Every structure is written in C-alpha cells, then in structure tokens.
Amino acid sequence: EAGVAQSPRYKIIEKRQSVAFWCNPISGHATLYWYQQILGQGPKLLIQFQNNGVVDDSQLPKDRFSAERLKGVDSTLKIQPAKLEDSAVYLCASSTRTDDEQYFGPGTRLTVT
Amino acid sequence: SQQGEEDPQALSIQEGENATMNCSYKTSINNLQWYRQNSGRGLVHLILIRSNEREKHSGRLRVTLDTSKKSSSLLITASRAADTASYFCATGSGYSTLTFGKGTMLLVSP
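One line per chain: the protein sequences are A and B, in this order. With my numbering, letter number 100 in the first sequence gets 629, and the count goes up by one each step, no holes. With my numbering, letter number 18 in the second sequence gets 36, and the count goes up by one each step, no holes.
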C-alpha cells in the first residue's frame, strides 16, 4: 500500500512570499490532517478534513494560511504571506476515521528567511 | 496548550536495557496513541489504546493506560540502537483531533 505523499520535501522562501504544499493521502482514507511541527515540539494540528469538508481548523491562522481538499482526495496548504515564525516542518497525515491511527507523510521542511 | 506531556524529556540507555516513558494528560480521553519519530522514517504510529483498555502489547512494546490517574506508559524491552528516536503520546477525545505532547528523546547506545 502506498503511503502518504507530500511535495515538495524542502522549501526556502523569503518572508512575505507565498508557498504551497501538496498532499496525497492513502487511498480510501476519508480523514486528512495538516500539522505544523516546530523544532523541538510535537506536531500541532492546523486543519482536519473529513472527505472534502473541514472538521477542525481552530488552530489555523486564517489571515495567512488556507487549505483545501477538492474532491475529497488530494489537499493543498498555502501560506501567504509567510513570516519567519512559519519556519517548521509541515506534516500531512490521513486515517480511515477520526479516532483511528494516523499515517504520516515525510513532511515538507519550510525555511523562511 | 498541548494535552499530553511526556516524561522524561530525554532518556539515554544501553542496548539490551528496557526504556520506559510516561505520558500524563488533563482531560477525559477516548484513546491514547504513541508515535515514534526519527529522521529516517518520519512519524510512525506505534500503538493505540482505547479508554476502556488497560494494557496493550505489540512486539517489544507494552503500553499501559490508567484513566484514574490520567497517565500512560510506554515500555520498550530489550532496546536496540534502531529504537533511537523521539516518542510522542497523543490523546484523542471522540471526534476531536489528536493533541501531541512535546515528546521524549530516546538514545540507545551500542
């Protein structure tokens, strides 16, 4: 079974620029998550989708972050404009349902200079 | 704020020894999960234990859950150098999302 795919793996941008990340979950997984992991901390949920609907986006900085999951499969996370404190690893995960184990992608390491 | 808090923050042991990590949380949960993260394989799910379970095993891993004390422990027996990683507990409450702790860094020396 193919795992969760993410791209790009690394991205370096200047502050105030925009960036987008892509995620392809495991086939058949209805639930998709985007996490932000800052160095030395655990992952923090940004947004959770159930199929193509948003379940939880309470910790998403909506003034600069946006995410969508068209057709309930692939998802993109966008940051515009980026700030220095957005430097982190952005992880995508998927699961069959909300309270089940999550499968994580390799992440995208974002550096904002 | 993060729900689960792992203890200790860092642990250093020799190969063959057992490693125990603890997780405490504050509010009622539906399930508790343990994940491992290293540079080679990213974040990987280890064990999920539900609130009505007290103990679960998977290979060299043993997880206990005490809901009265709001705590869980992860025991890795006969540790190997390949077990070197950060270990996170994550709590789930029904339809709400997982909340991860800051993790325990485990170093297993040959």
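Treat the hints as calculated values from the structure; they're not laboratory data. All values reported here derive from a predicted model rather than from experimental measurement. You may find that some hints are simply not true.
As a list, the in silico BS3-like pairs of lysine-lysine whose alpha-carbon atoms are at most 25 Å apart [as the list claims (entries may be wrong)]:
#: 1; chain 1: B; residue 1: 74; chain 2: B; residue 2: 44
#: 2; chain 1: B; residue 1: 87; chain 2: A; residue 2: 607
#: 3; chain 1: B; residue 1: 74; chain 2: B; residue 2: 120
#: 4; chain 1: A; residue 1: 600; chain 2: A; residue 2: 612
#: 5; chain 1: B; residue 1: 88; chain 2: A; residue 2: 612
#: 6; chain 1: A; residue 1: 573; chain 2: B; residue 2: 88
#: 7; chain 1: B; residue 1: 87; chain 2: B; residue 2: 120
#: 8; chain 1: A; residue 1: 573; chain 2: B; residue 2: 120
#: 9; chain 1: B; residue 1: 87; chain 2: B; residue 2: 44
#: 10; chain 1: A; residue 1: 544; chain 2: A; residue 2: 600
#: 11; chain 1: A; residue 1: 612; chain 2: A; residue 2: 591
#: 12; chain 1: A; residue 1: 607; chain 2: A; residue 2: 540
If you want the ones that stay clear, here's a sample from chain A, every Cβ over 10 Å from chain B, calculated [to be verified]:
#: 13; residue: 539
#: 14; residue: 570
#: 15; residue: 573
#: 16; residue: 584
#: 17; residue: 585
Rough simulated footprint, nothing fancy, chain A against chain B, three-plus residues with beta-carbon under 8 Å [as the list claims (entries may be wrong)]:
#: 18; region: 38-51
#: 19; region: 61-72
#: 20; region: 117-123
Here a beta-carbon is modelled for each residue, glycine too, at the ideal position from N, C-alpha and C.
Hints and how they fare:
Of the pairs offered as hints, the one joining residue 74 (chain B) and residue 44 (chain B) holds, with about 21 Å between alpha carbons and a cut-off of 25 Å not exceeded. Straight-line distance between C-alpha atoms of residue 87 (chain B) and residue 607 (chain A) comes to about 41 Å, which puts the hinted pair past the 25 Å bound. Straight-line distance between C-alpha atoms of residue 74 (chain B) and residue 120 (chain B) comes to about 23 Å, which keeps the hinted pair within the 25 Å bound. The straight-line distance between the Cα atoms of residue 600 (chain A) and residue 612 (chain A) is roughly 30 Å, outside the 25 Å bound, and the hint therefore fails.
Restraint check for residue 88 (chain B) and residue 612 (chain A): not satisfied, since their Cα atoms lie roughly 37 Å apart, outside the 25 Å limit. The hinted pair formed by residue 573 (chain A) and residue 88 (chain B) meets the criterion: a straight-line CA distance of about 21 Å does not exceed 25 Å. Distance hint between residue 87 (chain B) and residue 120 (chain B) is fulfilled; the C-alpha atoms sit about 20 Å from each other, no more than 25 Å. Distance hint between residue 573 (chain A) and residue 120 (chain B) is fulfilled; the C-alpha atoms sit about 10 Å from each other, no more than 25 Å.
A threshold of 25 Å between alpha carbons decides the hint, and for residue 87 (chain B) with residue 44 (chain B) the separation of about 9 Å falls inside it, so the pair holds. This hinted pair does not check out: residue 544 (chain A) and residue 600 (chain A) have alpha carbons roughly 31 Å apart, beyond 25 Å. Pair hint residue 612 (chain A) plus residue 591 (chain A) holds up; C-alpha atoms about 14 Å apart against a cutoff of 25 Å. Between residue 607 (chain A) and residue 540 (chain A) the CA atoms are separated by roughly 13 Å; this keeps the pair inside 25 Å, and the hint holds.
A cut-off of 10 Å between C-beta atoms confirms that residue 539 (chain A) is not in contact with chain B; the least separation is 13 Å. Residue 570 (chain A), annotated as away from the interface, has a beta carbon of chain B within 10 Å; the closest lies near 6 Å. With a least CB separation of 7 Å from chain B, residue 573 (chain A) falls inside the 10 Å interface cut-off, contrary to its annotation. For residue 584 (chain A), the condition that its CB be more than 10 Å from all CB atoms of chain B is violated, with the nearest at approximately 7 Å.
Its closest Cβ contact with chain B, about 5 Å, brings residue 585 (chain A) to no more than 10 Å, contrary to its assignment away from the interface. Residues of the region 38-51 of chain B lying with their CB closer than 8 Å to a CB of chain A number 3, which satisfies the three-residue condition for coverage. For the region 61-72 of chain B, the assignment as covered by chain A holds, since 4 residues bring a beta-carbon within under 8 Å of that chain's beta-carbons and 3 suffice. Note: the region 117-123 of chain B has 5 residues with beta-carbon separation from chain A under 8 Å; the three-residue rule is met and the coverage holds.
Against the hints set out earlier in the document, violations occur for numbers 2, 4, 5, 10, 14, 15, 16, 17.
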